Amino acid sequence: MKKVEAIVREERLVAVREALEEKGYYGMTVSHVEGRGRQKGMRLQQRSGQYDIDLLPKVKIEVVVLDEDVTNVVRALASKARTGEIGDGKIFVIPVEDAVRIRTGEWGMDAV
Amino acid sequence: MGVNAADTAWILISSALVMLMTPGVALFYAGMVRRKNAISTTMMSFAALGLVGLLWAVYGYSLSFGEDAGGLIGGLNYVLLNGVGVEASDVYASTVPHLAFLAFQGMFAVITVALISGAVVERIRFGALMTFSVIWLTIVYCPVAHWVWGEGGWLLNIGALDFAGGTVVHICAGFSALALALVLGTRRGYTDGEPMEAHNVPMVILGAGILWFGWFGFNAGSALTSGGLAASAFVATNISAASAALTWMLLSWWDKRPSGLGTATGAVAGLVAITPAAGFVAPIMGIPIGIVVSFVCYYCIRLRVRMGVDESLDVWAVHGMGGVWGALATGIFADPSVGGATGLIYGNAAQVGLQAVGIVVVAVFAFGISYGLARLLGVTMGLRVEGREETIGLDLAQHAERAYGGAVQ
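Chains as they are written, first to last, in the numbering used here: chain A, 335 to 446; chain B, 1451 to 1859.
Rather than coming from a laboratory, the hints here were simulated on the basis of the structure.
Since this is a predicted model, take the numbers as computed values, not measurements.
It cannot be assumed that every hint is accurate.
[What the hints assert, rightly or not] Below, a list of computed lysine to any residue pairs in the SDA-like style, where the Cα atoms sit at most 20 angstroms apart:
id, chain 1, residue 1, chain 2, residue 2
1, A, K374, B, M1580
2, A, K337, A, M443
3, B, K1486, A, L389
Work out the full structure: start from the sequences and follow the hints.
Given below as structure tokens:
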């Protein structure tokens, strides 16, 4: 079992969600996060002049899948999240110890 | 002359309009701070409605408009509304009840105190600001209001013009704000370039909109009658606000993009600049007055930032310097057929000199007394919150409230 954690551009969320759904992966957790990478922030306006912010808004998508699905999910995520510009984000794959579906009490692979 | 019903109605409505400006300032300022200081910033303005509203009836009105003492200060004859009744005053606003004039003037005192708070948001102790406000009202606002508007006031006597408070309200608040900010010092992280991002720009714009609405009472109400002069001041006010908002929008567009925060600020700058002039200039002169003020304030903010001064919400740049331009513009554009005073373009260059006297005296007096008072309070009671409180935010640290609560239980 693995958790695929993707930090992507906010505006790519809908496309990523649809691509995962098409491949049959419904479950996901999405959170609004702020972060920075090599993009080095953004320049905004104040009343007179400008200022820089270096933590930019992104969305984090977490999907827990079976080991054999990881490549598939990562490919779908990456292809839909990519624009080719700096700031497209990152994907991490993390081992998951166990899982429980709260409603039924199922453990392990059945719960995913 | 007896009390006139139409004039009375207009002054009472105008008083209510000016009252609404203080919550307007509260929103205007609160949107510009970080979310952790939203209540704190709102309270710094809103509390003035309570504090100054009370003190005005107790003694503030009397010190400003009471029997003249040497052209410098009013006497104590109107303390606790003594002698202020439903009949018109002998000297002020002869067609409205004296009480209506007192109420109208009181709202000006409230907003002037509220304006100053923009300089010191996100780091001043609430109690220290309240203490400053009480003393400041007594030793800065009341004397200056008397000089400029009180019967026998020395600036009134020499012929300096201020229709609705360019010097009394805006120069006075702006230069006092600068002094207070200099004594208080910068916000934590300010000198490291930490962004102090406005947390709610629509709130700023709503605040500016309420200010614009209320300003019709401020300026057109200052005619103290409901006739042609009020209409003239009303139109001048709107033209100046519109011209300045548009100019600021274009300035920001020239720099990058048409800024919402900038356009709202421009509107306020335009309203500030027309304030002393509204009932003295032809309404169409709102165009040059409004256009120029946006340039003045836009670049004064740049200057302030470059000097490393954290006068946080630019009370000095917008109200102080906008007020300076407005007071000078009154001397330049005053049209004798409007308010009876003659300015430079109608051949009276001396009026500009008189305006300059008013500007310099009030700016220096307000700055000097405020600086001294702030230093004194800094030593005796302490002005700043502790470092940790500043990091947590003043909403929690000073008020035990949060503006955007409702987290998961």
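To see whether the hints hold, each was checked on the structure:
With a C-alpha separation of about 42 angstroms, the suggested pair K374/A and M1580/B falls outside the 20 angstroms cut-off, and the hint is violated. Restraint check for K337/A and M443/A: satisfied, since their Cα atoms lie roughly 13 angstroms apart, inside the 20 angstroms limit. For the proposed pair K1486/B and L389/A, the alpha carbon gap of about 18 angstroms is at most 20 angstroms, so the pair holds.
In the structure shown, a violation is registered for the earlier hint numbered 1 alone.
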